[in-house]
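Participant: Sequence:
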Amino acid sequence: MQDDGKPHRGPWRVMQVDSGFAGIVIALGFVVLGFVSMPILTAIVLLGAVPLGIAVALLLRFTAKKQ
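Just so we're aligned, residue 19 is where the sequence shown starts under my numbering, counting upward by one.
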């Protein structure tokens, strides 16, 4: 048994990942679950949400920033 003076990390070891990447993975998981459970409703929601998201992103990109 090694005793190198380091404290025990505990039973819950959590992988260090970027929060943005983890959010995208979780969002994709919800989309997959939606397609499996309600394919028609999920397709309708995505067809509305994707263009709305693109429009908001373009609006934020091209509006003047006040400093």
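Quick caveat, the hints were computed from the structure, so don't treat them as lab data. Beta carbons: idealized from backbone N, C-alpha and C, even for Gly. Possibly wrong hints are sitting among the right ones.
[As the list claims (entries may be wrong)] Label-pair distances were calculated between CB atoms; the ranges are:
| hint | residue 1 | residue 2 | range |
| --- | --- | --- | --- |
| 1 | Leu70 | Gln34 | 28 to 36 Å |
| 2 | Leu64 | Gln34 | 28 to 36 Å |
| 3 | Leu77 | Gly52 | 39 to 47 Å |
| 4 | Leu77 | Val49 | 18 to 26 Å |
Participant: Is it true that Leu64 and Gln34 lie within 28 to 36 Å of each other by Cβ?
Facilitator: At roughly 31 Å between Cβ atoms, Gln34 and Leu64 fall inside 28 to 36 Å, so the hint holds.
Participant: Is the distance from the Cβ of Leu77 to the Cβ of Gly52 consistent with 39 to 47 Å?
Facilitator: Violated - the Cβ-Cβ distance for Leu77 and Gly52, about 26 Å, lies outside 39 to 47 Å.
Participant: Does the beta carbon distance between Leu77 and Val49 stay inside 18 to 26 Å, or does it fall outside?
Facilitator: At roughly 24 Å between Cβ atoms, Val49 and Leu77 fall inside 18 to 26 Å, so the hint holds.
Participant: Is 28 to 36 Å right for how far apart the beta carbons of Leu70 and Gln34 are?
Facilitator: holds (33 Å)
Hint violations for this structure: number 3 only, all remaining hints satisfied.
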